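Number of protein chains: 2
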Amino acid sequence: MSTSINMIDVIRTKRDGGTLSDAQVRWFIDAYTSGGVADEQASALLMAVFFRGMAPGELATWTAAMIASGERLDLSKVGRPTVDKHSTGGVGDKISLPLVPLVAACGAAVPQLSGRGLGHTGGTLDKLESIAGFRVALANDEVVDQLRTLGAVICAAGDGLAPADRKLYALRDVTATVESIPLIASSIMSKKIAEGTESLVLDVKFGTGAFMADEVSARQLAETMVGIGAAHGVRTVALLTAMDVPLGRTAGNGIEVAETLDVLRGGGPSDVVELTLALAREMVALAGLDADPAVALADGSALATWRAMIGAQGGDPDAPLPEASHVQVVRAPSSGYVTQLDARGVGVAAWRLGAGRARKEDPVSPSAGVVWHATVGERVEEGQPFLELRTDDPSRVPAALEALDGAWRIGPEPVERGPLVIDRIS
Amino acid sequence: MSTSINMIDVIRTKRDGGTLSDAQVRWFIDAYTSGGVADEQASALLMAVFFRGMAPGELATWTAAMIASGERLDLSKVGRPTVDKHSTGGVGDKISLPLVPLVAACGAAVPQLSGRGLGHTGGTLDKLESIAGFRVALANDEVVDQLRTLGAVICAAGDGLAPADRKLYALRDVTATVESIPLIASSIMSKKIAEGTESLVLDVKFGTGAFMADEVSARQLAETMVGIGAAHGVRTVALLTAMDVPLGRTAGNGIEVAETLDVLRGGGPSDVVELTLALAREMVALAGLDADPAVALADGSALATWRAMIGAQGGDPDAPLPEASHVQVVRAPSSGYVTQLDARGVGVAAWRLGAGRARKEDPVSPSAGVVWHATVGERVEEGQPFLELRTDDPSRVPAALEALDGAWRIGPEPVERGPLVIDRIS
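Chains as they are written, first to last, in my numbering: chain C, -7 to 418; chain P, -7 to 418.
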């Protein structure tokens, strides 16, 4: 079969707006992963996909081939319904941290195999590594054991999952072919399906602090991913959520863990609590459970699961979180209401303070980040601290301040912050 | 300057429909030619150009950078006005063979630096190499000497001309990015401008036997190339010509040389004579001469220049042309008029008989090809020879016959063949 498939024909077919056959798609993914197709041919195809898109069936086959390029975790021995969540990333988006133990406390198993942060949005693993001793690298049987005993695991996705995606992503990264909805959707879904979850809730964000700037693209991405999930027998729901204002009160690593603990103890910022519960309800429903996440949050069982999960992965849940040696305070220049706090500006500032990385080899600081004492719609008083820029390297402060320049506004009249969850797609 | 240019930005700019700056274009062509840009990045850019095109100024800079990647011939010592012709290729298109000596006989110097055939259209050099002893590889000073003494040279374009084009063309060939008007136009024009001609006539063909199937694309290509010529101070005119019916009565190598001799002796098929004279008149006018090509054809001076050119390049103008060992005759199944003779079918048949090559390393047969005894609009009698398939390898005949299946038709009523020259663009 594969002898009759020619890469130039494959590229030309997609270039001219055609649909690749299942055999062509499988041949390409296999041949590219094994080195049988040259990078320059693969990148030409990816650019043609950028312009022409993919038909739903074509994309399902493409994703299936990416999954088939590696192993698929077997979670059948976990003994609980499995459900995971994926966020397309946002500023201050620590939701996975309280969410995973919360849903586990409701009776599900949450196999959260995660990645690192890149650019102005943070990474879940980076945040957790601010906890002394916490291990993100787990063997597959450790993952299964921990899911069986605790229901909660947050660890690095192993190299065995969807190796085709790793190779394609590296190529997309240097050929300006990252920003393609079918390529983004298949990249995310291939890894999530390979991790073996039975159901999946997607948090697809749009706005200045998100990967997708506009609602139309975010909706298209959400629908595309839900379609791929359905084609693979994974029950999938997506929430479209706003990411113009950063989530919570903190953007960084250790400071977001501290905020997570506030939430798990029954407090924390209302937007973080609201989104955590909204996602938890979807996950619990998809898992076929009838527990109420609000109860599991209030009765301390989510916190207990968090502590057990941190402990199981070598971390000390009682260890103090790292504190930055330098804190630069920005005070409110006038009394009034916060009318704007731009997620992107805050995210870039946190990144520049050391919380994020520009290249995937870069280290991140566990203590750096931005804290805001009030968010959009809330009152501030002249001269009171409004923003804190935290870092161990004061030379980073000017660039961070520059990112915040024009990113916030205080006005005389209160404004209402828009809704967090815009739509639900299933 | 170049340190601030990033290949990912270059690709993204073009991908998103922007215009590359002159600095970006020059940086890319230089860096790619010297190995400083990876093939996978270059091919992604070429695919983006396929979809987005190039602005006129951007394309002029792109072409200039390709020319600057190599040497440019200095024809200032030739002592005659220089003018060349380029055809985008067609079936039976031997026009360069009579045209170059004809225009030289009118007083111009014609530096016809040419390429090999690929696919179903023939190559001028392949045709000439069917003449015993003819050398297509000339040093630059041989080219200049021959242009000064005879005004006529047809030889291979040396490796020193536009090396960026050679590298880019090889990449386009394997990444399905050949069929892009700005990329085709810059490839042709970079080589023609680098060969040092002061003026240029383009024969842009469209139809089943041409590279461009439709008139709209051909017109766009012609306008694009005329624009590039103007931007580089090369007086450029294009004729749009029809290529649905093969030119003349022969498609092959040696048999097209024989037809050329018929034309130079004052005979030959009327379409070949018509197109040769139309192109010659444009060339003579661009060269600022007032000779009449019809006179130079009739008085034998074009033939004398042909004989001198063949002799100067080591060929024997009196040597017999190679004859195929096998001739398969297709007879007219009924009396009537040829109502269709499809250029592509004839071209593919000649190719399959051995006249053309599939890969540039392949050899070609000097004797193989197709002869048709009548063309569209002409009368045939039942049982008389209509087509001759010539080859030294009879096993090639069935595939050639298959290419001709449905490619011709004989009907009871005469049809008028459409005009050969459709338009003139300057």
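Fair warning: there could be bad hints in the mix.
Because identical chains share one entry, a pair is satisfied inside a single copy or across any pair of copies.
Below are the SDA-like pairs computed for lysine to any residue, each with C-alpha atoms no more than 20 Å apart in a straight line [as the list claims (entries may be wrong)]:
(1) K159 / A30
(2) K159 / R108
(3) K159 / V170
(4) K69 / Q376
(5) K352 / I0
(6) K352 / L163
(7) K69 / E215
(8) K352 / N(-2)
(9) K352 / R108
(10) K159 / D397
(11) K159 / G398
(12) K69 / L130
(13) K69 / S326
(14) K352 / E50
(15) K69 / T331
No wet-lab data here; the hints were simulated from the structure. All values reported here derive from a predicted model rather than from experimental measurement.
Now for the hints, and whether the structure bears them out:
1. Proximity of K159 to A30 under the C-alpha cut-off of 20 Å is found in both arrangements, the shortest distances being 12 Å within a copy and 16 Å between copies.
2. Only within a single protomer do K159 and R108 lie at most 20 Å apart by alpha-carbon distance; the minimum there is 16 Å, versus 38 Å between protomers.
3. Taking the closest pair of Cα atoms, K159 and V170 come within 20 Å of each other only inside a single copy of the chain (13 Å); across copies the shortest separation is 26 Å, beyond that limit.
4. For a Cα distance limit of 20 Å, the shortest separation of K69 from Q376 qualifies neither inside one copy, at 54 Å, nor across copies, at 82 Å.
5. For a Cα distance limit of 20 Å, the shortest separation of K352 from I0 across copies, 17 Å, qualifies, whereas the shortest one inside one copy, 32 Å, does not.
6. In this assembly of identical chains, K352 and L163 lie within 20 Å of each other by CA distance solely inside one copy; the values are 14 Å within and 30 Å between copies.
7. With identical chains, the CA atoms of K69 and E215 are never at most 20 Å apart, being 31 Å at best within one copy and 68 Å at best between copies.
8. In this assembly of identical chains, the alpha carbons of K352 and N(-2) lie at most 20 Å apart only when taken from different copies (18 Å versus 34 Å within one copy).
9. Proximity of K352 to R108 under the C-alpha cut-off of 20 Å is restricted to the intra-copy arrangement: shortest distance 8 Å within a copy versus 48 Å between copies.
10. For a Cα distance limit of 20 Å, the shortest separation of K159 from D397 qualifies neither inside one copy, at 38 Å, nor across copies, at 46 Å.
11. Proximity of K159 and G398 under a CA criterion of 20 Å is satisfied in neither setting, with 39 Å inside one chain copy and 47 Å between copies.
12. Only within a single protomer do K69 and L130 lie at most 20 Å apart by alpha-carbon distance; the minimum there is 17 Å, versus 76 Å between protomers.
13. Within a single copy, K69 and S326 get their C-alpha atoms no closer than 59 Å, and across copies no closer than 79 Å, so neither meets the 20 Å cut-off.
14. When the C-alpha separation of K352 and E50 is checked against a cutoff of 20 Å, the pair qualifies neither within a copy, at 30 Å, nor between copies, at 35 Å.
15. When the C-alpha separation of K69 and T331 is checked against a cutoff of 20 Å, the pair qualifies neither within a copy, at 51 Å, nor between copies, at 75 Å.
Of the hints listed earlier, those the structure fails to meet are numbers 4, 7, 10, 11, 13, 14 and 15, in rising order.
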